[in-house]
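Visitor: Respectively, the protein sequence lines represent chains A and B.
To get my numbering, take the position in the first sequence, counting from 1, and add 38.
To get my numbering, take the position in the second sequence, counting from 1, and add 38.
A couple of the hints might just be wrong.
[Stated by the list, open to error] No farther apart than 25 Å at their CA atoms in a straight line, the calculated lysine-lysine pairs in the PhoX-like style are these:
no., chain 1, residue 1, chain 2, residue 2
1, A, Lys-882, B, Lys-633
2, B, Lys-227, A, Lys-650
3, B, Lys-650, A, Lys-227
4, A, Lys-650, B, Lys-827
5, A, Lys-882, B, Lys-846
6, B, Lys-460, B, Lys-522
7, A, Lys-846, B, Lys-184
[Said to hold, decoys possible] Okay, the calculated bits of chain A under chain B, using three or more residues with CB under 8 Å as the criterion:
no., region
8, 121 to 128
9, 749 to 759
10, 854 to 866
11, 869 to 882
[Stated by the list, open to error] Here are a few chain A residues that sit away from chain B, every Cβ distance over 12 Å (derived from the structure):
no., residue
12, Asn-163
13, His-239
14, Thr-288
15, His-475
16, Ser-539
17, Glu-746
18, Gly-764
19, Gly-797
20, Tyr-799
21, Glu-823
22, Val-911
23, Ala-936
24, Gly-937
If you are wondering where the hints come from, they were derived from the structure by calculation, not from laboratory data.
Just so we're clear, the structure is a prediction, and the values are computed from it rather than from any experiment.
Glycine included, C-beta positions come from ideal geometry on N, C-alpha and C.
Protein chains: 2
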Amino acid sequence: MEKKWVYLFTEGNKDMRDLLGGKGAGVAEMTGAGLPVPPGFTITTEACNEYFRIGKQFPEGLWNQALAAMHTLEEKTGKQFGNPENPLLVSVRSGAKFSMPGMMDTVLNVGLNPATLEGIARLTNNERFAWDAYRRLIQMFGKTVKGIEGRKFEHVLDKYKAKTAGKQDTDLTIDMLKKVVEDFKAVYKKELGVDFPDDVHEQVSQAIEAVFASWFGKRAVDYRNFNKISHDLGTAVNVQMMVFGNMGNTSGTGVAFTRNPATGEKALYGEFLTNAQGEDVVAGIRTPKKIAELKNDMPEVYEQFLATAAMLEKHYRDVQDLEFTFENGKLYMLQTRTGKRTAQAAIKIAVDMVKEGVITKEEALQRVEPMQINQLLLPRFDEAAKKKAAFLAKGLNASPGAATGVAAFDADTAEEWGKAGKAVILVRPETNPDDVHGMLVARGILTQRGGATSHAAVVARGLGKPCVAGTEAIFVDAEKKLFKANGQTVKQGEFISIDGSTGEVFAGSIATIAPDFKKEVDLNELLGWADDVRRLGVWANADYPRDAIQARKFGAQGIGLCRTEHMFFETVRLPVVRQMILNAAPAQALLNNLKRAEENLSKKSEDKAMLKAAAEARKAVKASHEVKAYEGALKKLLPLQRKDFEGIFTAMDGLPVIIRLIDPPLHEFLPSHDELLVEVTTMRLKGKKTKALKEAEEMLAAVESMREQNPMLGLRGIRLGITYPGITEMQVRAIFEAACNVSAKGIKVHPEVMIPLTGHYNELAVSQTALEAVAKAVMSEKGMEIAYKFGSMIEVPRAALTAAEIAKYAQFFSFGTNDLTQTTYGYSRDDAEGKFLLRYVEDKILPANPFQELDQIGVGQLIEMAVKNGRKVRPELEVGICGEHGGDPSSIGFCHKAGLNYVSCSPFRVPVARLAAAQAALGDTTRDK
Amino acid sequence: MEKKWVYLFTEGNKDMRDLLGGKGAGVAEMTGAGLPVPPGFTITTEACNEYFRIGKQFPEGLWNQALAAMHTLEEKTGKQFGNPENPLLVSVRSGAKFSMPGMMDTVLNVGLNPATLEGIARLTNNERFAWDAYRRLIQMFGKTVKGIEGRKFEHVLDKYKAKTAGKQDTDLTIDMLKKVVEDFKAVYKKELGVDFPDDVHEQVSQAIEAVFASWFGKRAVDYRNFNKISHDLGTAVNVQMMVFGNMGNTSGTGVAFTRNPATGEKALYGEFLTNAQGEDVVAGIRTPKKIAELKNDMPEVYEQFLATAAMLEKHYRDVQDLEFTFENGKLYMLQTRTGKRTAQAAIKIAVDMVKEGVITKEEALQRVEPMQINQLLLPRFDEAAKKKAAFLAKGLNASPGAATGVAAFDADTAEEWGKAGKAVILVRPETNPDDVHGMLVARGILTQRGGATSHAAVVARGLGKPCVAGTEAIFVDAEKKLFKANGQTVKQGEFISIDGSTGEVFAGSIATIAPDFKKEVDLNELLGWADDVRRLGVWANADYPRDAIQARKFGAQGIGLCRTEHMFFETVRLPVVRQMILNAAPAQALLNNLKRAEENLSKKSEDKAMLKAAAEARKAVKASHEVKAYEGALKKLLPLQRKDFEGIFTAMDGLPVIIRLIDPPLHEFLPSHDELLVEVTTMRLKGKKTKALKEAEEMLAAVESMREQNPMLGLRGIRLGITYPGITEMQVRAIFEAACNVSAKGIKVHPEVMIPLTGHYNELAVSQTALEAVAKAVMSEKGMEIAYKFGSMIEVPRAALTAAEIAKYAQFFSFGTNDLTQTTYGYSRDDAEGKFLLRYVEDKILPANPFQELDQIGVGQLIEMAVKNGRKVRPELEVGICGEHGGDPSSIGFCHKAGLNYVSCSPFRVPVARLAAAQAALGDTTRDK
């Protein structure tokens with residue numbers, strides 16, 4: 039039997055998206071539900087695939103089936119395709135499974151030619167309408183089906199409009215329209231070498247082919263690659279009877295949402311125009327009316343539409359985005375689809391629909407994209423200030439968030455200003471990899487050209503910075519370093535403000551405000567449901583008490599990462615830290631020698647003379663300048679660190695706090711090598727042997743001795759703790775003194791000490807043993823017992839590969855996925871993002887920036903291995919993640935599947951993580967519930 | 039039944055090493071073979087373990103069993119322990135399963151007291167001998183059993199010797215010896231507070247306990263830790279009848295090897311002394327006679343010994359190291375053990391014994407340590423030059439090889455001179471981690487103190503540098519920067535020569551010679567057998583034709599790694615390379631823009647005006663300064679690289695050659711950043727705006743723009759190839775042009791192109807596809823077909839983790855284990871070795887330097903995974919290793935087990951690898967043979 043390539047709308051339903059595309063399934067569903075949908079048929083996605091498979095020709099039977107379907111349309115409508123007496127006109131549209139930019143748009147009015155035009159004019163008694171419809175057909179067909187540049191038609195229209203008083207389309211007379219048609223046909227012939235087809239079947243057949251061809255158009259292919267959509271899906275083609283909203287004042291067209299897509303309010307939201315076609319609403323030539331006004335203008339149509347909208351929302355159990363037309367008082371539904379909405383609306387609608395009994399809580403949780411919450415919690419422009427600001431243009435909302443700064447027109451300037459501490463917005467015609475160094479320091483990015491998948495957009499989202507892209511309404515003159523928009527000129531160094539969430543661009547600076555989490559009632563309700571559902575704990579990374587308090591407000595259930603060394607950078611502490619560092623190596627050498635001597639001695643401890651000599655040696659070492667300076671600095675740091683920890687423990691009363699011991703290479707705390715080198719060179723040339731020169735030379739020598747070729751892989755983390763045990767011992771002492779002090783005040787403390795960068799279990803055997811001894815000594819001094827854990831970060835592949843051995847020591851694992859990604863890929867993030875990584879993402883060599891989205895295949899494999907093997911040895915092993923991935927929804931999904939106990943992320947990501955964790959649990963069919 | 043703690047020598051055999059220790063099993067075996075062994079018994083290792091288990095006391099039954107065994111001795115010898123009439127004297131020695139420094143030595147003459155002394159004097163008619171034996175007992179017992187410092191006894195002896203004419207032990211009169219005994223007893227009493235025991239049973243019981251205790255002595259524990267010997271083994275104790283070589287001129291003692299342990303020559307090799315005890319031979323007081331002279335002195339003893347030696351060698355099927363004594367013309371065998379031998383001897387003996395039919399070829403292959411071959415092929419001192427050189431001292435041969443250089447007495451000086459290109463020998467009293475930076479650049483290391491496991495020795499072996507350690511005969515004055523030895527003084531900056539294979543130190547410089555591999559007939563024969571046995575191929579790393587030729591001489595079966603960029607560093611090429619680098623980024627940006635423009639254009643290719651504009655744009659880009667400079671440099675490099683490859687292909691006629699495309703970050707080819715910064719700063723201060731300043735500034739800016747925080751993890755390898763495809767395309771063109779040219783001359787070429795640092799299969803998808811197109815284009819131009827492979831290095835963990843995906847593209851894998859170790863551990867080798875890694879090895883945190891010896895647990899796990907998963911996708915996948923581990927025997931063993939096809943190592947390691955591969959195959963019980 040011949041394959042069925044064509045389905046009437048009456049033959050399909052919403053579950054046939056694969057075969058009929060989203061649009062085809064949607065109109066079929068509406069048709070089946072008895073809604074007033076103009077009749078039509080859908081050519082299947084299979085037909086599209088077959089078309090390509092057999093070398094770009096219609097598969098056998100397709101055309102005959104289409105003709106038969108057209109015949110059915112004719113019977114239903116009483117009109118006939120190509121018959122001047124009562125002509126049937128149709129629209130032809132693409133409709134893939136997923137809506138996709140770059141696919142062919144609509145061609146309207148197919149079926150018009152000089153003969154049927156006469157019939158339409160006669161039947162509608164509206165000659166102007168008929169000629170206008172005909173010129174629209176030629177224009178759309180020429181541009182969309184044949185790829186003639188739009189401006190060639192616009193040029194003709196402009197010429198005639200210029201001759202009218204109002205300069206508008208609607209001012210064109212019938213005669214003018216006739217001439218426009220004539221000129222359009224000439225353009226068509228000139229561009230393509232053939233006449234515009236009069237044969238209506240040729241029109242429809244060419245339009246169908248154009249839809250097929252657009253499946254492999256460059257933009258569509260790029261879009262699918264970017265969004266990881268298969269190229270095998272194919273597109274369907276929808277052929278549908280035309281209805282006309284422009285047949286007079288009882289005709290019209292409109293779009294509407296069943297609820298407000300900006301706020302989520304439960305009320306019809308949309309607009310309409312009488313005597314207009316769909317494209318007129320979009321074109322913005324006339325100002326449309328609010329949907330509520332339809333009640334006055336066309337009460338019957340309004341009531342019918344209201345009922346239809348309610349019915350559709352109930353049918354689809356979600357907000358619908360509707361397109362409708364009424365022709366001579368008769369309502370037609372052209373399209374329904376799930377309505378896109380803002381973050382705020384998404385949350386309110388989800389919560390409201392649960393309360394209305396439309397959906398379950400679980401469904402509500404899956405209706406909100408976790409990152410939408412992040413958007414809600416991003417800094418926003420103060421609405422009052424924004425209203426007063428000078429609007430310049432609206433571009434693509436390519437990467438959310440609001441930013442204010444001075445305009446810089448090249449990456450070098452942006453970098454220079456940014457590094458000097460200025461807030462900069464990088465403004466470029468478009469960006470390319472040479473601009474990345476400027477993008478890295480900019481607060482936001484504004485481009486004139488390029489879409490949602492342009493370089494600027496991809497990089498900005500990768501960096502988490504606001505970006506407005508493709509702002510075609512501005513003109514950037516990179517040479518003159520200015521841009522023009524809305525009649526204004528913005529020069530380099532002048533303030534602008536961009537809203538990456540809305541795409542708006544303003545002149546001047548606008549104050550930003552942080553939203554108040556507590557007041558987000560719906561969000562909190564939704565997150566409460568999320569908490570009931572999720573298995574993963576959500577902890578936060580916080581270095582200071584203020585961060586801990588913030589994290590707790592957002593619902594964090596613990597601190598997964600407190601970076602002790604961040605406290606070292608504070609201005610008052612840095613001199614002490616430097617004193618410690620500069621003396622660490624010589625002091626430790628003296629102490630090590632002493633230790634060795636004492637070990638040798640212990641064998642012959644009866645010898646009093648030797649004991650005496652040893653005591654003197656010990657005294658001498660302890661009295662040495664280096665040891666005194668080193669141990670003195672540690673003593674000064676102890677109470678400062680203790681105070682920090684007391685603050686965090688107090689803030690996290692009752693919850694666990696993981697404190698990581700010192701991690702970065704020590705030279706990070708010293709002055710810049712290059713600056714010192716220039717300073718010393720300059721002072722030497724000036725010739726004076728001053729004390730300042732000597733000091734600078736000493737500091738340079740110290741910095742040089744600590745310099746590393748690849749500090750990321752050098753003396754840091756546990757290696758530092760083993761080399762200079764005094765530092766980590768001081769930190770552990772501070773942690774346990776703080777814990778005891780705070781505990782004495784009735785606060786519940788759960789300290790967990792985290793050792794970074796372990797690669798071999800022996801490293802833990804050495805350092806953890808020594809550090810636990812310090813912990814026990816402190817508790818014994820204080821006469822208290824505090825339950826604690828010692829554990830390790832897993833951040834080099836070897837730690838993951840040997841997790842079973844490491845778990846013999848570590849009571850918990852925390853995946854430091856930033857470092858683990860660096861070592862698994864062999865990427866230094868600092869170098870890679872600027873030099874090749876973002877380009878790799880742009881060129882699709884990597885599916886995503888692995889520092890943003892966890893590489894589940896590679897890094898994830900190590901994580902799964904470590905969890906499995908670690909728990910074999912220690913079933914109660916506590917496992918979490920504290921890299922930036924802890925706040926990324928897709929990574930959180932992975933963490934759930936990998937069986938982690940918690941994710942830890944920055945405080946502002948905690949709400950995101952709570953929802954993402956719930957979605958992971960809901961999507962996990964293996965879980966016990 | 040009571041456990042058997044004591045075995046008579048007649049009850050054991052050589053297979054009972056676990057229970058009786060090596061020495062006990064050896065004497066038991068000899069006893070069983072009917073050899074003249076003084077009778078005795080062995081207390082088992084189990085007794086030792088039990089002794090510690092129950093709190094340092096003799097286990098039940100031990101003492102009674104020992105007394106019973108002693109009684110059997112008495113019956114056999116007719117003497118009685120403690121009986122003044124006919125006293126039995128015994129020796130007490132430790133004897134663990136493995137011989138081990140730090141274990142208790144021998145105590146001789148146990149059983150002497152004032153009463154039995156009289157008996158001995160009477161029976162031997164030698165009063166002096168009796169008193170001398172007694173003072174030796176007190177001295178050895180006091181020192182070895184009781185831990186009294188040796189010098190306290192030496193001091194007494196020296197006092198009396200000073201009163202004699204000859205100043206020798208043998209000059210002491212009987213009266214003097216009596217006074218020595220009196221004074222020794224006083225020392226004993228003063229040190230320990232008790233009298234020296236007269237009770238002979240107490241003597242033997244305390245000696246046994248001392249042997250037990252020495253099992254947990256510090257040196258023994260350290261040694262076991264270092265050599266990974268279990269602490270559970272325990273030591274046995276051997277109690278044996280004393281025989282006396284010092285009973286007059288028909289008595290004597292000696293040591294001998296059954297073959298020459300230096301050359302392997304088949305002839306008894308050893309020496310003896312008449313009228314002497316074993317320790318006299320070692321002490322070097324009298325010059326011993328060659329063993330051959332025994333034939334004249336004591337023909338019967340000699341014949342008996344000759345027969346015994348032959349019998350023992352046949353019995354043990356290996357060279358034996360024998361100790362013997364003859365007492366009044368009667369031969370006693372005291373010990374036999376497998377003889378240690380030099381590399382040369384090991385090889386000759388193994389080959390000879392095969393020819394003699396004593397052992398099989400397989401056994402011969404297992405008799406030689408692969409690294410001994412390396413020693414044989416290391417540069418050695420020219421023997422003639424060495425004989426003329428001024429000998430200074432002999433220390434421990436801590437790390438093999440010969441080195442000549444100027445003495446530097448501190449690490450900073452060594453570093454400074456070494457970096458300036460001087461050959462330096464670092465001379466230190468002993469080394470510690472602060473000296474490592476000097477050791478890294480030194481040609482060799484000489485220390486006064488410290489043993490085979492001292493810091494200097496461990497680090498030097500780790501670095502593969504010659505080291506003479508523990509040279510107690512020199513005195514290093516680090517302050518005055520000189521050392522004294524053999525009456526001479528060597529000052530800083532003066533030449534010295536050290537032989538790390540022999541431990542010799544000489545003044546002045548000595549010429550070194552490279553041995554002639556071809557002339558090593560035995561070695562070549564042995565390696566021939568190895569080739570028959572091994573499954574692993576042995577390839578070499580060679581960058582130049584001369585290296586390839588050398589490698590082939592050593593038996594390499596291919597080139598596993600040819601680093602193309604090494605050719606870039608040559609002086610004539612560097613300016614061209616820099617021209618390429620400095621223009622690469624701007625040129626590539628222009629070319630990329632052009633490419634994008636042309637892609638956009640292709641959609642509308644009918645537009646002639648646009649085509650013309652595009653052609654002009656193309657012309658402009660190609661004419662730009664940057665593109666001309668960049669492409670011009672590539673054009674200049676092409677013929678140079680082609681010539682290199684032609685040379686290598688010619689050298690390797692018929693064998694595969696793997697050429698790696700450019701790998702290091704480009705800034706490695708540019709001048710030093712710091713030097714430029716100083717230069718620019720200096721020129722700026724001098725105030726003139728010269729052309730030189732401008733050039734220096736431009737170069738500095740270029741260097742800064744390419745600088746990376748962690749270049750190891752930056753823009754290198756395939757990332758470079760993807761960013762600047764022109765470079766790798768030039769290289770591939772050079773490879774295939776060379777292959778075609780050489781092939782046309784009848785040489786068989788097998789080029790394999792290796793892409794470094796792949797982390798994601800898409801990187802190969804992009805670059806391998808483009809490069810294979812170049813290869814095909816060249817072959818088509820040349821009208822030739824050359825079989826080739828494209829493959830990837832596996833050197834970041836992600837590549838190993840995703841090997842299945844990578845193998846879809848790569849036809850071969852080559853493990854770059856240097857990088858893979860760096861990323862798996864998160865160690866930068868450049869930083870780690872100096873800063874903490876060697877210390878980690880010294881402190882046993884790591885079992886070995888993972889850059890020397892492959893980390894089988896961590897890195898190895900990734901390798902196994904990659905081999906398995908890669909071969910699943912591509913069963914014929916060729917897999918090798920080209921990191922430094924390819925020449926390390928234990929790593930080669932791992933590579934065999936992991937199923938690799940070949941190992942590739944430096945040319946000089948090829949013979950080592952051939953043997954190691956054979957041993958791996960012999961040890962592999964799973965192989966098909």
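Visitor: Are the hints correct? Go through all of them and say.
Guide: Comparing the hints with the structure gives:
1. A/Lys-882 / B/Lys-633: Satisfied, since the Cα-Cα distance of roughly 17 Å is no more than 25 Å.
2. B/Lys-227 / A/Lys-650: Distance of about 24 Å is within 25 Å: holds.
3. B/Lys-650 / A/Lys-227: Between B/Lys-650 and A/Lys-227 the Cα gap is close to 23 Å, so the pair holds against 25 Å.
4. A/Lys-650 / B/Lys-827: violated, 72 Å
5. A/Lys-882 / B/Lys-846: Answer holds: A/Lys-882 to B/Lys-846 is near 18 Å, not above 25 Å.
6. B/Lys-460 / B/Lys-522: holds, 23 Å
7. A/Lys-846 / B/Lys-184: Measuring from Cα to Cα gives roughly 41 Å; hence the hint is violated.
8. 121 to 128: The restraint on the region 121 to 128 of chain A is violated, since only 0 of its residues have a Cβ under 8 Å from chain B and three are required.
9. 749 to 759: holds (count 6)
10. 854 to 866: holds (count 8)
11. 869 to 882: The restraint on the region 869 to 882 of chain A holds, since 8 of its residues have a Cβ under 8 Å from chain B and three suffice.
12. Asn-163: holds, 43 Å
13. His-239: At about 27 Å from chain B, A/His-239 clears the 12 Å cut-off, so the statement holds.
14. Thr-288: Holds: least Cβ distance 44 Å, greater than 12 Å.
15. His-475: A/His-475 not clear of chain B: closest Cβ-Cβ about 9 Å, inside 12 Å.
16. Ser-539: holds, 29 Å
17. Glu-746: Given a closest Cβ separation of 4 Å, the condition is violated.
18. Gly-764: At roughly 16 Å from the nearest Cβ of chain B, A/Gly-764 sits farther out than 12 Å, so the non-interface label holds.
19. Gly-797: The claim is violated: A/Gly-797 sits with its nearest Cβ about 5 Å from chain B, within 12 Å.
20. Tyr-799: At roughly 10 Å from the nearest Cβ of chain B, A/Tyr-799 sits no farther out than 12 Å, so the non-interface label is violated.
21. Glu-823: holds, 31 Å
22. Val-911: holds, 15 Å
23. Ala-936: holds, 15 Å
24. Gly-937: The claim stands: A/Gly-937 keeps its Cβ more than 12 Å from every Cβ of chain B (closest is about 19 Å).
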